[in-house]
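2 protein chains.
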Amino acid sequence: MVLRIYDTLSRQKKEFKTIEPNHVKMYVCGPTTYDHSHIGHMRTFAFFDVVRRWLEYRGYRVTMLINITDIDDKTIRRANEEGVSFAEIADRYMFDFIRALRSFNIRLPNIMPKATSVIADMYYVIQTLIDKGYAYVAEDGVYFDVSKFEDYGKLSGQKREFLLTGVRIEPSPYKRNAGDFALWKRRKEGEPFWHAPWMDGRPGWHIECSTMIWKYLGEQIDIHGGGTDLIFPHHENEIAQSEAFTGKKPFVRYWMHVGMLKIEGEKMSKSLGNFITWFKALEMAPAAAWRLYYATNAYRQPMNITEQGIHQAYETVKRIYRAQQALRQAIADNELGDESVDVTEYMKRFEDRMDDDFDTPGAVAAMMDFINAFQGKIYRLNEESARTVLKTLETMMYILGLPEVSVDERTARIIDEIVRIRSEMRREKRYDVADRIREELAAAGIELHDGKEGTRWFVLP
Amino acid sequence: MVLRIYDTLSRQKKEFKTIEPNHVKMYVCGPTTYDHSHIGHMRTFAFFDVVRRWLEYRGYRVTMLINITDIDDKTIRRANEEGVSFAEIADRYMFDFIRALRSFNIRLPNIMPKATSVIADMYYVIQTLIDKGYAYVAEDGVYFDVSKFEDYGKLSGQKREFLLTGVRIEPSPYKRNAGDFALWKRRKEGEPFWHAPWMDGRPGWHIECSTMIWKYLGEQIDIHGGGTDLIFPHHENEIAQSEAFTGKKPFVRYWMHVGMLKIEGEKMSKSLGNFITWFKALEMAPAAAWRLYYATNAYRQPMNITEQGIHQAYETVKRIYRAQQALRQAIADNELGDESVDVTEYMKRFEDRMDDDFDTPGAVAAMMDFINAFQGKIYRLNEESARTVLKTLETMMYILGLPEVSVDERTARIIDEIVRIRSEMRREKRYDVADRIREELAAAGIELHDGKEGTRWFVLP
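Just so you know, the sequences run in chain order A and B.
Heads up: the first sequence at position 455 corresponds to 455 in our numbering, and the numbers run straight through without jumps.
Heads up: the second sequence at position 155 corresponds to 155 in our numbering, and the numbers run straight through without jumps.
Please note: incorrect hints may appear among the correct ones.
Identical chains blur together in the list; that is why a pair holds if it fits in one copy or across any two.
[What the hints assert, rightly or not] Computed cross-link-like contacts, DSBU-like style, restricted to lysine-lysine with a CA-CA straight-line distance of at most 35 angstroms:
no.	residue 1	residue 2
1	Lys391	Lys280
2	Lys17	Lys429
3	Lys188	Lys132
4	Lys132	Lys148
5	Lys318	Lys280
6	Lys175	Lys391
What the hints contain is simulated information worked out from the structure, not anything from laboratory work.
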């Protein structure tokens, strides 16, 4: 089976073929950094992290870019409220975002530019659009003339005539068509600005993505990702800007969109008080549980986060780590038999699910069936088989973004000591103390395994 | 006593007065992100972190900016070696730098821009310098004409005539004076470039700092920091650019420079193989030990890092945390007496040392004398005094950047259990087991205190 990806633009699953051989250029719309990241962001970036891992598993080199929208109505408003520079707000929450990614075991992108870092490049892109007749300088800014772009509406599937005249975004008396959007906005009192060739001001909402993609990835890219809420107008406008600028189509080969998130059936919003920041989420359950929870939901569908749901994911994820640890220990202690097994079928099923537009729920199901199939007979496997089963399981875990779980050196040393004491207690038949130690450690996520080589311990997430 | 800061420009300690009331604008030259951060970087940023903490203690709001040099010969070379974009190299090591700062308990700056994020602003600054006659467009770039800037040489104290004609930096046949430096460099094959108004190319070395300061902090700032190796030509050129651009003097009120670092008496360099990255440093000793080690060396002097030195700092830092923990426990268990003490004299001495151009070695000595004075009589203090002593100590620790040391919830739970078992063993007169537990925990950095309320434990760094 070959990898097939659902492309929002063509509304179908298409076989994956890169522009450059073995190299995937991938752009994901990042956050506006004016507040803490939340579990909605984490869903999107966790998913594209899985995409990246899968593409690498399939042998591609991946260059992944996530942008930081640092200049925007929201960062400016918050900066003015606090009486600081927009850059201070933007950097504070960019640091928060980086921490959130690390904490959720989401690999950092290869390139993470801020919008302001491509303003000089926007000058060039916007001037080229003006020179080509796609954009015009008006009283209050520079606009993209959507009537000049034949394909306008192709991504969101809306009628071009409606978009030209009927939409009510960013109203301005100086626009030629109601649907025209700002590439550059004239300076307003109390707002940061740049001395652009046409007028002092700041960038419009959409131009940063088109500019960064051209600057850092090239005129055409393989994958462009984001949340479904960005399809219109953001991604529609990106296509118009980029294809008008370069004259090359398609700008993007695969448009991938991740569904929105609800909390217990309701929209997540600050006003409803059900806003779950990344750090609050990690108090509810560890990153491994969240990664599994996200993976058990089809990425294109909306996802309803519930307390029961994350609880269940946490229980499931513990089973996965238990299986991994049991295998590691059986191999380390050579508590094995002589049966040989074939794992090909399970890995094949996992691969097929991933190749089918990243069907992570199907991949998780394949992994759980794999675990169920082998768990009962670990100690009967011969060494080669046990190693193969372990390696296969760890590959699946890695692809789904389940982190390596470990304790620091200090903690390991303390656990070693308490386990030694427990062994002494058992030798002295003080089973009450020994059992209590087992229970207390289990409550702290440390599980014990009494084997013929002595007691081993392992850590659950 | 008032705060006095040694200013490299005027070669004297000057009373500290801010431009805006109660607000310090502070700029520190950051790293070129083409490789891992090392303990030389950490010395500089740890010191300016202490400066920031001290200014905040003195009631100032501090806006601190550290720049990231992402476009530079070094990032370009490494990018070409790896066959990736310069931005990929720069971001990889920017992420590494952020991690290093966090790991060394150095607070992240308020604003952390990359050089490329002010390229549009450089266009404006450079054009203004051309318009004012301070800069000229030549065949291979735009140059600053140092002969036009009367004060050239004032920071580094070099003869102006020599700098105009005798220096051999960045040679070019197109320069008017040998000492002229590039604001913009014409595009070269295999290098990233921007479509600037004068010619395609990339920024020179010095312009990013002048531009960022103007953009994010204003025309004049209070403190500008960096390593002593940056005095010439970098900071000399910054002064020329900024003062020529704004027409305002002085550009900077206090120029602060941190001395260079040696390793066992030798220059740190990759070729000598004595290059200590931040993560290698943390294998040698925890962040608390490094922070104390840095603080015990006068910031303007060169510092010689030795294995013995960091070892000694580690031992000293444990004493500090032991004193803190003993106080905390005595208060929590109410193991106190009725003596009252006055800490004013000790805090005054600490403050005086800090106010004297951040004499951190003197401040550390004051803190250690304070600890020595109270350590023997903690249990005789009354509650108010004990709380005051603790608060004073923790204030000193905070200012010197010594981190809060703690263990995670899981580890705390395990330690609680092993301590409970030890208490049982003691009741059963199994002192062999009880003592071994104490020793094992101590080896893991957990120390026990048997008080009348039972056994308490605390964590050392």
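Which of the listed hints are broken here?
Hints 2 and 6 contradicted; others consistent.
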